[in-house]
Structure formats: structure tokens, C-alpha cells
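Novice: Chains as they are written, first to last, in our numbering: chain A, 444 to 637; chain B, 149 to 898.
If you're looking for bench data, these hints aren't it; they were derived computationally from the structure.
No more than 30 Å apart at the CA atoms, straight line, and that leaves these computed lysine-lysine pairs for DSBU-like:
id	chain 1	residue 1	chain 2	residue 2
1	A	Lys535	B	Lys155
2	B	Lys861	B	Lys401
3	A	Lys535	B	Lys266
4	B	Lys430	A	Lys465
5	B	Lys155	B	Lys575
6	B	Lys725	B	Lys638
7	B	Lys686	B	Lys638
8	B	Lys669	B	Lys861
9	B	Lys457	A	Lys465
10	B	Lys430	B	Lys861
11	A	Lys465	B	Lys401
12	B	Lys686	B	Lys810
13	A	Lys465	B	Lys466
14	B	Lys388	B	Lys457
15	B	Lys638	B	Lys861
16	B	Lys430	B	Lys388
17	B	Lys388	B	Lys466
18	B	Lys457	B	Lys401
19	B	Lys861	B	Lys811
20	B	Lys811	A	Lys465
21	A	Lys465	B	Lys810
22	B	Lys430	B	Lys266
23	B	Lys266	A	Lys465
24	B	Lys811	B	Lys638
25	B	Lys155	B	Lys577
26	B	Lys810	B	Lys638
27	A	Lys465	B	Lys861
28	B	Lys401	B	Lys430
29	B	Lys457	B	Lys430
30	B	Lys811	B	Lys686
Rough simulated footprint, nothing fancy, chain B against chain A, three-plus residues with beta-carbon under 8 Å:
id	region
31	503–512
32	590–598
Yeah, the Cβ is synthetic: ideal placement off N, Cα and C, and Gly gets one too.
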Amino acid sequence: MLSGYIWYKDNVDETQAIQRLKQGDISGLEYLVARHQVKAVRTAYLITRDLGLAEDIVQDSFLQVFRAIRGFDETRSFEPWFMRSVVNAAVKTMQRSARHVQVGEEADESLLAELAARVESVEAQVESIEVQNQIWDAMQKLSPRQRAVVVQRYFLEMSEKEMAEEAGSSVGTIKWMLNAARERLRGLLERSEA
Amino acid sequence: MNDKRMKDALENLARRGVPENTNLWPELSAKLERKSPMTTLRTRPFAAVLLALIVLLTLSGVAYAIGRSLGYIPGVGIVDQSTPLRVLAEPVSQTRDGITITVTDAVLSADRTIVVVKFENVPVDKLPNQEDNSDCYPNPALQLLQGDPLQPLGSQGNDWGAGSEYHYTYGAVPEDINDATLFIGCVPGDVSPRTLPENWELPLRFVAAPPDMTALPVIEYAPTPAATGGADSNQITLTKVIDVGDSYILMGKFALQTNSAGYFTPGMRTLLDGNGNFLPWKMPQDSVFPPSNPNEQITSEDWAVQVDKGFAPPLTIKLTRSKSYPNADDAPLVYEFDAGANPQIGDEWQVNQTFDAGGHPFTLQSIQAATNTDMPGAYGYQFNFAPLDIDITNLYLSINDLQFMGYTQNGNTDGFGYFVGYSELPKGKLKVSFSLEIRDPQEWTLQWTPDDASANIVTPTEAPQACLTTDSWQAALANPAPFPANLTGKLVAYGRTVEDGNDPNPANTGMFTINLDGSDKQALGQGMSPMRSPDGSKVVYFNFDGLYLVDLTSNTTTRIPNTADGDNFPRWSPDGKQIAFFHTLDADLYVINPDGSGLRRALQGIDAEQLLGWTSDSRGLYYFVNTQNGAELRSVDIETEGVTSLFEHDGYYFFDVSPDGKKIAYISHPNNLYVSNVDGTGRELIGFMGNLFIGPPVAWSPDGNWLIVTIRKPEDPDIAGFPLPHALVSVTDCQVIPIPWYGDIFNWVP
Chain A
444 MLSGYIWYKD NVDETQAIQR LKQGDISGLE YLVARHQVKA VRTAYLITRD
494 LGLAEDIVQD SFLQVFRAIR GFDETRSFEP WFMRSVVNAA VKTMQRSARH
544 VQVGEEADES LLAELAARVE SVEAQVESIE VQNQIWDAMQ KLSPRQRAVV
594 VQRYFLEMSE KEMAEEAGSS VGTIKWMLNA ARERLRGLLE RSEA
Chain B
149 MNDKRMKDAL ENLARRGVPE NTNLWPELSA KLERKSPMTT LRTRPFAAVL
199 LALIVLLTLS GVAYAIGRSL GYIPGVGIVD QSTPLRVLAE PVSQTRDGIT
249 ITVTDAVLSA DRTIVVVKFE NVPVDKLPNQ EDNSDCYPNP ALQLLQGDPL
299 QPLGSQGNDW GAGSEYHYTY GAVPEDINDA TLFIGCVPGD VSPRTLPENW
349 ELPLRFVAAP PDMTALPVIE YAPTPAATGG ADSNQITLTK VIDVGDSYIL
399 MGKFALQTNS AGYFTPGMRT LLDGNGNFLP WKMPQDSVFP PSNPNEQITS
449 EDWAVQVDKG FAPPLTIKLT RSKSYPNADD APLVYEFDAG ANPQIGDEWQ
499 VNQTFDAGGH PFTLQSIQAA TNTDMPGAYG YQFNFAPLDI DITNLYLSIN
549 DLQFMGYTQN GNTDGFGYFV GYSELPKGKL KVSFSLEIRD PQEWTLQWTP
599 DDASANIVTP TEAPQACLTT DSWQAALANP APFPANLTGK LVAYGRTVED
649 GNDPNPANTG MFTINLDGSD KQALGQGMSP MRSPDGSKVV YFNFDGLYLV
699 DLTSNTTTRI PNTADGDNFP RWSPDGKQIA FFHTLDADLY VINPDGSGLR
749 RALQGIDAEQ LLGWTSDSRG LYYFVNTQNG AELRSVDIET EGVTSLFEHD
799 GYYFFDVSPD GKKIAYISHP NNLYVSNVDG TGRELIGFMG NLFIGPPVAW
849 SPDGNWLIVT IRKPEDPDIA GFPLPHALVS VTDCQVIPIP WYGDIFNWVP
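Model the full assembly from the supplied sequences, consistent with the hints where possible.
Specialist: Pasting the structure below:
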């Protein structure tokens, strides 16, 4: 269910599910929910840091799917289309709430520097709970949009081009944010591998 | 840093926060019940049908009451009548850039305000697609003269191509306020950045409801009729019934399990008459559900159905759900083994341990360190299970919670396999955790009998005589007739091309040509919607990057130049000189010559035009669009783009046009099949299968005297390649002959 290799039959099933949903057959949506919900909730959770909120966001995103499916081209992959929707919804939700540190939508170098400083100060394996907590805490300091960029690149494994197209803000800002985050995190994690 | 390490960290964080058995479906399906019906329903302006219904239902063996002064106003919904009602003084409409928004109805009661908004002439190519799904979902604010605007507490909607209608429910409007403004930020379906007019303001004026306005009574049941089946038969209840003249609306609840994560499918809701035949039903479009309270934990799902009168009682309502294992209350499914310090590819461990998934045993036979050709660079373990007595829809497996590269499942009659791969082969003591999604349908059944005298029940009649019935199908299976000698030609289908015992995969499934009797089967490879040319020499199909042409003489395949991703569902013109297709990105129809020349748009419309076929003179196309009432068949002259509306029906699907372009096959419910002239006249019921479904794809015989349809049991999976039986049905003399082979049949040419 996670980032698993999706074999051919699954793709056939998904196409069928979408076609069924287009005809108003709700079991098509059931299939899509069963198949994508865990990854979607985890994506939203990494941005919102709130499981209940993440579940609400993903539910709403599936409801959007239910409404919008007639315009979806089922010959294309569903997951990227859907995950973009989840990321956007999560960012918008956080921007509307007071749960995040209020920062501008432009890249904030000081916050990224703080993220890097936190993770660089840890000398353990990235799998350790401690390091994960450090990253978790550091990400809290990012704006929802910045957090989404990290999640898109590393969790959803989107390419920079895809992210730039998706961002809705300047390409330069996105690339800067990614490069800054990547460079600083690279130092930490390579040392931790040593 | 290596990117994968960062991914691992985020993956672990996400796993810590979000359990693998996350299940959104119970709540989601409950929201869907409130939000959006699956099928369309006529919406009648309530002013036209405000009929007083004086008759009370007398319900055999069940106590009932007209509770809390609830009333049902057709076209609006259920309202509390304990205080005088107010209504919209007159409909309010605005048109901008060709798009019309109309507030058609509003009813203000003591507890809520229902506002009905209709959106019309919305260009369908503005609906979101995969390029941008930031579509508008308006939640109109109702601004009163003072104070904060009221926000909708719930909505139900109905989309049909270029239009939609929503019922928004708000809190009560104070009695002394009779003016308000409805703010609609954007048009449903508009993408971001917005291209359609935004920020609509519609002034509303409310007046006392006319004295002759009477809502229909809502009969509340207490207690509910007893249900049977399922783990807890009290889970499904019938709470309200409304007699709306020609049909009933029935409402109830389905109690969610304490551990709702255990259920992952919703289910299928089925209505049967007293003879066991499926009854078509609709989701009521009006606001029949109470507005949701976001602060309230959802403990049950509301359900509602609207069913036409005239059925043979009693009415049986069935709800089927499936379970997944393990649930939070179940013991985890875990197996531990020691792979040693240096396991090698090929090492094998015999296990033969049986696990229990909710009473269904499944046996892990062995584990083997392995690689997999589908996952280059991955090293992992292959888990081999004994043949299962249950239908597993998904198996999830993890080793020591390590991040895997991927997994693949495979199964055949000898058992079921699961390979999970990693960048390095996991070593040492390994803890394997399983979770399964299995088809373990549980069924709840509730019966209800309307009172004959008060409910104006029509005397049950035999199903109209159809050619294809459950009885004629069973008789044909028992004693298959030979195919008539004049039925020749080739069929094109999709299904198994190699019988290797494995699940469908690209190596054993694809397109093929075949004779009616199953002989001379020739594989054509992978592709979708294959159609053979009228002269039989070529097959056109679509794939992810355009249309393809197979020359059956030279056995060569070429991509048709100038076709592109999104070009779908090709259809040959009767003269074989042109191919029409549907382009998904703009939802319009195009025509192209087989050599790629002459590409042109045949029809640009605001709807999604769904291509069916050509007129017999190769000058026009038949297509259908979804409408608020169902679906409408139209034709377009490809030279002039002149459109002719042919007929509308309240079902949801048109199948195909006969080879001479004069007849159309369609269904209005999955268990029936009609054929009529393309203008809707001369309708004949060809199939009525009772408790079986008649399904697509449908193919006409070259002479237009026969139809091939699939026959499906409700429990059969509706997936490509699943072996469904086909019936050959004569539309002239009613003969039914089973087809002795499997495959989705797309067309049939001489």
C-alpha cells in the first residue's frame, strides 16, 4: 500500500475503479480509498502534524475526487493527481489555522538554517527515534508551504520540475528552498551513515 | 545526505503518527450519503407538487408516529413545521459569461434553512483534470442584515455534465429577518487560477409560506422493523418513510462498529421485491439527512433510498459490507524467523504455520530469500501461502518495520505469493507482520411492507416479457443451441490470451480477435477499446499516447500520426474512411483519417460528449451527455456541427448504435436492457434479468439482428479481464444462446 511496486493488475483495477466511479458506482471510490488512504493521510500528517486533521483533509480530498472524477483522464496515474490535491489541501488548511508558526510564504533562510542546525547537531542514525524527533521538531518551524516542499520531495519523491510546476510560487524560490534543505540535511545524514 | 535516508526518516515519522490500518471509509461513506447522490433524480419545483397527503400509513406490526411535526417538501427536503414556515419570495437568477446561477427554492423553518442553488451552462472542460485539480467547491455564505454570515452546515449535490444543483442547509434565520444575500465565491468545478466569473451575490427575500402549502408527512418508526443477518442484526434500522406519491423515500441508520477500522468497504445496498428481483432505486436528492455536527463523533451512517411504487411486497433492503483483519481488537498476525547473519538468495525456510483471519485460516508454507525480475536491484523474501479459502483483496506485509523498495503479489491455483524487496537483504532475527483485506461480506436484511390500502400499492404484475430473462438464460445454458449458420465474421475482445493459471498480467491478457464459436483466437497485444474496421482488415485501439492501428494482413502495428494522449474510444465510420474519437482533455469529439490526416474537431460543446457511433451515412456521430434527469442521446453532423437532440431516458447508460445506425441499445437499471429507434420510439424490453446484471461492453451483430451482452452476478468483481459469461440475444425472435468463451467483446464485423 505504501510506496510499493504496483503491478499491472492493480493498474487495471484502478482504471476500472475510476470508470465505475465515473458512472456513479460508489464502489469505485471505495477501491481508491482503500488503495491510497494510508499514504495520503501520512502525507497530510507530515504537513499538519495532527492525525485527526490529516484524516479530515484526506476525506475531503476523496470527496473532491467524487465530485471531480468525471474530468479525470483514467489513462493517467491517479496517485500523483490525488496526492497533489492532498498536499494543497493540507497547506491551505494550515494556512487558515493558527497552528503553525506564522511566516511568509517566501523561503525563510533563518528557519531553514535552524532546521539544519538542529539536525546537524545529532550524531545518531536517522532511524533512531531521537533523530526523527529532531527532524519532527525542526519541521514544525517551517511554514506549511515549506513543509509541503520537504514532504513532496522526500516523502512523495516528486521531481523538482514537478514541484516547481505545482508550487504556484516562483520556481527560483522552490529550487532555493530545496537546495538549502538538501545541502544542510546531506551533511547530517552522511555523517550519521559513517 | 542521501535522499532515501531522508525519505526513511519521514516515512518512519509518518508511520509513527498514522497507523497502517487507517480506515477512512466509514466516515467518508457517511459524508457521501449526505453530500452527493450517485444517481440523478428529477427535481421538481416544490411549488408545483405541494400536495397534501392526508393518508397515514398503517404499518403492519410496527408502531409509528408522525414525530416532531416533521414534513417533507419535494424539491427541498425535510423541515420542522412546529413554527410557521417561510419560503423564497421568488427565484433569483444571475447570468455571467453564459453561466447561470439560480436560487430556485428556499425554506426557512424553526431549526434550519434550506437553500437550493442551480448552476447551469458550466463548460465541462473547466472541470478539473489531472493537470490541475484545485477546483472550486463553493460553500455559499448566507449574509443576513447584521452579524456574521451563516455558513452551510451540510450540503447535498447532484452533478450532470454542464450543470449541478446543490441543497445547502444553514442554521435558522431569525423570524424578523426576511432579507439576505447569498455569496457564492466561485462556480463548482472552476479550476485555479479561476477562469469563470467569481464572487456572485444573489439577493434573497423570504415571505410567509402560502397557506395552501403543506408538506408531506414523515412517518417515523419506533421501533424499527427487525433486521436479520450480520454480526449484530440491530445494526441496520429503518427510521423514516415518506410517501411522495409515485414513490417512497425510506431512511435509516447503520450503526458503526465500536472499532470501525474493521470495516473497509461500504457496501452495496440492494433492494429486492417480494419475488427476489432487483428493484432500481435512487438516492433522494433533497435534504433528507440532518445537518452534520462537526463536533459530534460519528457513530452511525445515515442511509436513504427512493423506490418507485408498484413493487411486489415485501420490500427487502440488504446492506453488504466486508471486513479487514486484523482489527485493533484482534491479535496481530506475526511470524518470527531467524534468517541468520549471512542469508543468501535461494535460502528457504519451511514454515507451514496457519494463521487466523477472523475465522479464516491461511497457511504460510515457506519463505525464500529471493530477487524479483519486476524489481531490479531489490533483495528480499518471497512468502508462499497455501491456496486460500477466502478472497484476499490485499495483503500487506512488513519485516521489522523496515522501509521496503517495493512489493509484488502473485497468485495461482497452487497458492498465493508475496515478494517484498529491500535495497539490502534483511538479516538476523526477522519479525514479519501481516495485515489482510479480505472479502468477508456480511449482509444485513430488513423487510418492509407498505400498507396496501393507504399506500396505493399497484397489484404486482409479472415482469414485462423480455427475451433475455433469468429463466431463458438458465434454459440456454442447460441446452445451448448452435449458432445460426449466417452468423459469421470476427469479434474483437479483451481478456485472456494465455491460459497459464496465473492472475491476469500483461503476459497472459490482452486484446484478441476470435470467431463467434471461439475458434481462430489471435492475440493483438495490449490496448484499450479495440474496434475492427468495417472491412475487417484493421483494428484501431487507444493507448496512453494516442490511437493505434493494427494491420491484420501484415500483422504490423502503427501509431496513428497526430493522435495524442487523451484520445480515447475510437469508432470506425461505416465506410471505413474515418475514425471518430473522444478527447478526454477537452471532452470534445474529433474525427481523423486512418493515416493521421484530416484531424478535425467534430463537436465542441460545454458537456462531456460520450461517443457511441456513427450515422449510417458516415456523416454524423451519435453521442450522449449526462443530464439532470439521466442521459440524453444526440447526433451531430460533422460537417455543419449541427446537433439534434434525440431522446432522454432516466437511466444512466447508452450502450451502442446498431450497424445501420437506426437502433440504440441502453439500460435504465443494471438488470434490464432496452432497444429502441435512435429517436426513442419503438422501445422494446430485450432483457430483464431479475437478480442478475446485464452489462457492457455490448456488441451488435453485423446484421443488426443480435446483441452480445455480459451477464454478471452482483458479487462478481467488475474488473477488466474477469471471465464473465456472455449471452447472444436475438432482437428479432428472442433466441438466447450462451457464448462458449470469455472476454470483453467490443465489436463484431463481417
